[in-house]
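Protein chains: 2
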Amino acid sequence: MSDDGMGETRREPPPGFHDVDWTRGFGRQVGPLFRRDEGGRRVMGLFVDAHHTNGLMNAHGGLLMTLADMAWDNVVSMERSMFWVTVRLTCDFLDGAKTGEWVEAGGELISNADNLFVVQGLVWAGERKLVSGTGVFKGIRPREPRPGEKAFLEQMSA
Amino acid sequence: MSDDGMGETRREPPPGFHDVDWTRGFGRQVGPLFRRDEGGRRVMGLFVDAHHTNGLMNAHGGLLMTLADMAWDNVVSMERSMFWVTVRLTCDFLDGAKTGEWVEAGGELISNADNLFVVQGLVWAGERKLVSGTGVFKGIRPREPRPGEKAFLEQMSA
Numbered sequence: 000m001s002d003d004g005m006g007e008t009r010r011e012p013p014p015g016f017h018d019v020d021w022t023r024g025f026g027r028q029v030g031p032l033f034r035r036d037e038g039g040r041r042v043m044g045l046f047v048d049a050h051h052t053n054g055l056m057n058a059h060g061g062l063l064m065t066l067a068d069m070a071w072d073n074v075v076s077m078e079r080s081m082f083w084v085t086v087r088l089t090c091d092f093l094d095g096a097k098t099g100e101w102v103e104a105g106g107e108l109i110s111n112a113d114n115l116f117v118v119q120g121l122v123w124a125g126e127r128k129l130v131s132g133t134g135v136f137k138g139i140r141p142r143e144p145r146p147g148e149k150a151f152l153e154q155m156s157a
Numbered sequence: 000m001s002d003d004g005m006g007e008t009r010r011e012p013p014p015g016f017h018d019v020d021w022t023r024g025f026g027r028q029v030g031p032l033f034r035r036d037e038g039g040r041r042v043m044g045l046f047v048d049a050h051h052t053n054g055l056m057n058a059h060g061g062l063l064m065t066l067a068d069m070a071w072d073n074v075v076s077m078e079r080s081m082f083w084v085t086v087r088l089t090c091d092f093l094d095g096a097k098t099g100e101w102v103e104a105g106g107e108l109i110s111n112a113d114n115l116f117v118v119q120g121l122v123w124a125g126e127r128k129l130v131s132g133t134g135v136f137k138g139i140r141p142r143e144p145r146p147g148e149k150a151f152l153e154q155m156s157a
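Chains as they are written, first to last, in numbering that gives the first Met the number 0: chain A, 0 to 157; chain B, 0 to 157.
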């Protein structure tokens, strides 16, 4: 019981953004998603589509939180190349996004004591901040660095 | 770019739950969703499907937060029949849910000073608590009571 975004108009994301290759699960369901990797940092983005909206045809709060979750927890992957679980997510809703708008999300690692990672994050549309919040993630164990991650970039330059 | 849940096996929710008639937007995208109304209180539920999962085939954090958002903000509708916006949502992740599991969500209105509504909520699967959290919502203006809401039930019995 869901829209199939394949039928919607294909729009080009801003320069530097590439498709996220999530072909299954909730990542696919809330897509199409894009990412831009630069120097071990990642920004995720999407166009607000009809299948993302609430009753006012704005981006649904659940969609913005899902994008925040994906982008903010990615900080742990990019910085530490670890498996992790989400412990807590706090989202303050500041402004809305309309259908068709391009929305981005990213965060900063501000603490990592005892493998408890705290990320301050934002979701924004152009100059407008939509969501401000904090994610707390628990590192489970290290894994092989993946393309774009800081440890991967260090391996490449070693 | 999304799964079409229509192709999946139709499962019957627990007694008392009925389809949520959201035929568009993010509510449809994350469905099929169900609700059980009783005495002006509502519990929402869904079966975790393939299109709800993370890389571990568990319910994605974004899906659980979306269900929390929908169920906890519904408390404002049920108790006060108002239009509202979400101000803040805090989610503590306690446990996961696997594909096929039936998951429910609901909350309690604990404060309503100055039309700032605070809801303590849970998401659970049987005896297991999955998400515990708080939603803060700002009431915008009253609207006509809808079926299931306390004000609607009072009109009916008047």
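Calculated from the structure, these hints are not laboratory results.
Any given hint could be a false lead.
Said to hold, decoys possible - Restricting the straight-line Cα-Cα distance to at most 30 angstroms, the calculated cross-link-like pairs of lysine-lysine (DSS-like) are:
(1) LYS137/A <-> LYS149/A
(2) LYS149/B <-> LYS137/A
(3) LYS97/B <-> LYS137/A
(4) LYS149/B <-> LYS137/B
(5) LYS128/A <-> LYS137/B
(6) LYS97/A <-> LYS137/B
(7) LYS128/A <-> LYS97/A
(8) LYS149/A <-> LYS128/A
(9) LYS149/B <-> LYS128/B
(10) LYS97/B <-> LYS128/B
Here the structure is a predicted model, which is why all the values come from computation and not from measurement.
The hints, checked one at a time:
{"no.": "1", "hint": "LYS137/A <-> LYS149/A", "in the structure": "19 angstroms, holds"}
{"no.": "2", "hint": "LYS149/B <-> LYS137/A", "in the structure": "41 angstroms, violated"}
{"no.": "3", "hint": "LYS97/B <-> LYS137/A", "in the structure": "20 angstroms, holds"}
{"no.": "4", "hint": "LYS149/B <-> LYS137/B", "in the structure": "19 angstroms, holds"}
{"no.": "5", "hint": "LYS128/A <-> LYS137/B", "in the structure": "19 angstroms, holds"}
{"no.": "6", "hint": "LYS97/A <-> LYS137/B", "in the structure": "20 angstroms, holds"}
{"no.": "7", "hint": "LYS128/A <-> LYS97/A", "in the structure": "13 angstroms, holds"}
{"no.": "8", "hint": "LYS149/A <-> LYS128/A", "in the structure": "27 angstroms, holds"}
{"no.": "9", "hint": "LYS149/B <-> LYS128/B", "in the structure": "27 angstroms, holds"}
{"no.": "10", "hint": "LYS97/B <-> LYS128/B", "in the structure": "13 angstroms, holds"}
Going through the hint list in order, the structure does not satisfy hint 2, though it satisfies all others.
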